[in-house]
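Trainee: Quick mapping for you: the protein sequence lines, in order, are chains X and D. Using my numbering, you'd call the opening residue of the first sequence number 1 and step up by one each time. Using my numbering, you'd call the opening residue of the second sequence number 1 and step up by one each time.
No wet-lab data here; the hints were simulated from the structure. Do not take every clue at face value.
As the list claims (entries may be wrong) - Lysine-lysine pairs mimicking DSS-like chemistry, simulated, CA-CA at most 27 Å apart:
| id | chain 1 | residue 1 | chain 2 | residue 2 |
| --- | --- | --- | --- | --- |
| 1 | X | K226 | D | K227 |
| 2 | D | K235 | X | K273 |
| 3 | D | K194 | D | K50 |
| 4 | D | K183 | D | K50 |
| 5 | D | K159 | X | K273 |
| 6 | D | K50 | X | K273 |
As the list claims (entries may be wrong) - Across the chosen pairs, the derived CB separations fall in these ranges:
| id | chain 1 | residue 1 | chain 2 | residue 2 | range |
| --- | --- | --- | --- | --- | --- |
| 7 | X | D251 | D | P189 | 23 to 33 Å |
| 8 | D | T60 | X | A119 | 50 to 60 Å |
| 9 | X | A252 | D | S54 | 54 to 64 Å |
In this text, a Cβ means the ideal position worked out from N, Cα and C, and glycines have one as well.
So you can see what is in the structure, the chains are spelled out below.
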Amino acid sequence: MNRSRAAGRSTLASMVLLASVLLPQTAAAASAFSIERVAEGVYLHRGQQQDATAANGGDIANIGYIVGDRCVAVIDSGGTLAIGTALRDAIRRETAKPICYLIHTHVHPDHSFGDPAFADPATMFVAHAEYPAALAARRDGFLANLRYTLGAAADGSGSTVPTLLVQDRETVDLGNRCLSLQAWPTAHTNNDLTVFDERTKTLWTGDLLFVDRIPVVDGRATGWLKVMAALRALKPAHLVPGHGPVQHNVDAAFGPQQQYLDQLINSVGAALKAGTTLAQTVDTLGREPPQKAWLLFDDYHRRNLTAVYTELEWED
Amino acid sequence: MFPFQRLSGIAPSIALVGLAAGFALATPAVVAQSTPQAPAQISPAPIWPKVRNSLFSTRTIDENAGEIIVLEAPNRAEDASTVPIAIRTQIMQSPSRYVQKLYLLVDNNPSPIAAVFELTPDSGRADIETRIRIEQYTDVRAIAELNDGSLYMASRYVKASGGCSAPAGKDPKEALRNAGRIKFKVDGPLAAGKPAAVQLAISHPNASGLVLDQVSRLYEPAYYVRKLTVRYGDKAVLTADIDFSISENPNFRFYFLPSSDGALYADVVDTKDLSFSSEVAVKLGGIASNTR
Ligand SMILES: [Zn+2]
Numbered sequence: 001m002n003r004s005r006a007a008g009r010s011t012l013a014s015m016v017l018l019a020s021v022l023l024p025q026t027a028a029a030a031s032a033f034s035i036e037r038v039a040e041g042v043y044l045h046r047g048q049q050q051d052a053t054a055a056n057g058g059d060i061a062n063i064g065y066i067v068g069d070r071c072v073a074v075i076d077s078g079g080t081l082a083i084g085t086a087l088r089d090a091i092r093r094e095t096a097k098p099i100c101y102l103i104h105t106h107v108h109p110d111h112s113f114g115d116p117a118f119a120d121p122a123t124m125f126v127a128h129a130e131y132p133a134a135l136a137a138r139r140d141g142f143l144a145n146l147r148y149t150l151g152a153a154a155d156g157s158g159s160t161v162p163t164l165l166v167q168d169r170e171t172v173d174l175g176n177r178c179l180s181l182q183a184w185p186t187a188h189t190n191n192d193l194t195v196f197d198e199r200t201k202t203l204w205t206g207d208l209l210f211v212d213r214i215p216v217v218d219g220r221a222t223g224w225l226k227v228m229a230a231l232r233a234l235k236p237a238h239l240v241p242g243h244g245p246v247q248h249n250v251d252a253a254f255g256p257q258q259q260y261l262d263q264l265i266n267s268v269g270a271a272l273k274a275g276t277t278l279a280q281t282v283d284t285l286g287r288e289p290p291q292k293a294w295l296l297f298d299d300y301h302r303r304n305l306t307a308v309y310t311e312l313e314w315e316d
Numbered sequence: 001m002f003p004f005q006r007l008s009g010i011a012p013s014i015a016l017v018g019l020a021a022g023f024a025l026a027t028p029a030v031v032a033q034s035t036p037q038a039p040a041q042i043s044p045a046p047i048w049p050k051v052r053n054s055l056f057s058t059r060t061i062d063e064n065a066g067e068i069i070v071l072e073a074p075n076r077a078e079d080a081s082t083v084p085i086a087i088r089t090q091i092m093q094s095p096s097r098y099v100q101k102l103y104l105l106v107d108n109n110p111s112p113i114a115a116v117f118e119l120t121p122d123s124g125r126a127d128i129e130t131r132i133r134i135e136q137y138t139d140v141r142a143i144a145e146l147n148d149g150s151l152y153m154a155s156r157y158v159k160a161s162g163g164c165s166a167p168a169g170k171d172p173k174e175a176l177r178n179a180g181r182i183k184f185k186v187d188g189p190l191a192a193g194k195p196a197a198v199q200l201a202i203s204h205p206n207a208s209g210l211v212l213d214q215v216s217r218l219y220e221p222a223y224y225v226r227k228l229t230v231r232y233g234d235k236a237v238l239t240a241d242i243d244f245s246i247s248e249n250p251n252f253r254f255y256f257l258p259s260s261d262g263a264l265y266a267d268v269v270d271t272k273d274l275s276f277s278s279e280v281a282v283k284l285g286g287i288a289s290n291t292r
């Protein structure tokens, strides 16, 4: 293992100069790439609580890895090739064990566009069974958005088609360390997958949990509430949300999100009952102040109202 | 501008890229110079002249016609899959002067002609609300053609939503399962000669399909509602040719002119040539009524 690392370095020494010429603007994300330890063998890089910008280099999602006796599982690859690469470097500083799995929590680009950094025949790309179709329908649009935001810093980024699909549940073994993967019905998206590390009772929620940052409904709010109840029942000791700090108390972790989704469903449901149109509903409810000071509230609340309106209008 | 890709092309080693990233760490000042480029999303060749030419040839279009037609749309598409828009005309539909066609165009969508509505004096008012998909930053246009052949246009620029918003459906399987349900509703009370609002909602994926993806091998043909017809008794109220620029679960609010008790009939045909029908009672003086 160490041998291959050393070999990699020696062939690279001569490339440093070239790199300095070719890479005057490698993503800002690479600077100060932080890793925190969540539990024994569980490591997290926390994205910033922002939308993707040139300044943050698209480093806005929580990504990380879990180390077993035999190999490593990466969970989400980050928003760009540079971020995925930085994560891979961080893993290589920690261990020489092979990366046997890259597990995708869902299709959103801030979690998956660093995939090319992990291209390796030995690495299996794992995702929800609905992931490939969702990706095919969105990839070009996501890429256009990323290019618009980051310019050339987006080059080389993109999501890769998974090689192992999870219909319901799947267990992967990293060597004396089993991860339970569960594919959920439509909630945050129609392709949410959670990772539960049995050894430390750490639940990696993906975007099924937003902490401090406003949750985004890109699936079904009503389905999301059901999935949250099931996630609570797992009684995790640690929770890694898709956005925001690690949590250790299930109620405190899910409470605010639960309240926000309940309020969305109730207020939009009432508007529908009153015969209010979509445009009127978004306009009226979009002006109401938030119950809690969510980050990015103004950027996503109206969108959530739209999504929930179109979800509920066919519920009866 | 030297993209990362170039470097990995020279030596496709993960470790190399890693080292390079480490090197960049030492040059934050240079990193900071990276600014977003000119909007890459906006198509370099505007589609509008082509569409204009194909639909209207060299006919004059009054583009300063706020007294005839107004287009309401949000400045920013909150949800790319569902952007509410409203076309409002200021003309009372009468046999001597009426809006006979409304064109709804979304310049930068893959298929810019979202809908062509045909109206009649029995439409009462040529106002239509619907929801559209917005793929990228775009002009949205509404063009009214009067029975005398004159053309009037209103347009709005709509910013794309960015981030993780996508015009694709959120739950395509569910949408397919429910295809064909119709909600048809008339707002009461109805009075003869007074235009009344109607809502027609069709449960349907209305999807552009997936192109063959080289990697995933996925292919799904487009599946969308292509035509809808609304009659009041045997009088035409609204006919529309639409496509997948209209959102999933196509939803329309429009008007008709009640004259006596009867019924409104809606017929919908999709690209698999499946047809769906619905009707709603019209009762003068009656309160709102629903699909029957
Ligand atoms: Zn997400």
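Trainee: Now tell me, hint by hint, if it's right for this structure.
Mentor: So, going through the hints one by one against the coordinates:
1. X/K226 / D/K227: 37 Å, violated
2. D/K235 / X/K273: Not satisfied, since the Cα-Cα distance of roughly 31 Å exceeds 27 Å.
3. D/K194 / D/K50: 39 Å, violated
4. D/K183 / D/K50: Given pair D/K183, D/K50 is violated - Cα atoms ~36 Å apart, limit 27 Å.
5. D/K159 / X/K273: 30 Å, violated
6. D/K50 / X/K273: Between D/K50 and X/K273 the Cα gap is close to 44 Å, so the pair fails against 27 Å, i.e. violated.
7. X/D251 / D/P189: 23 to 33 Å: 50 Å, violated
8. D/T60 / X/A119: 50 to 60 Å: 56 Å, holds
9. X/A252 / D/S54: 54 to 64 Å: 59 Å, holds
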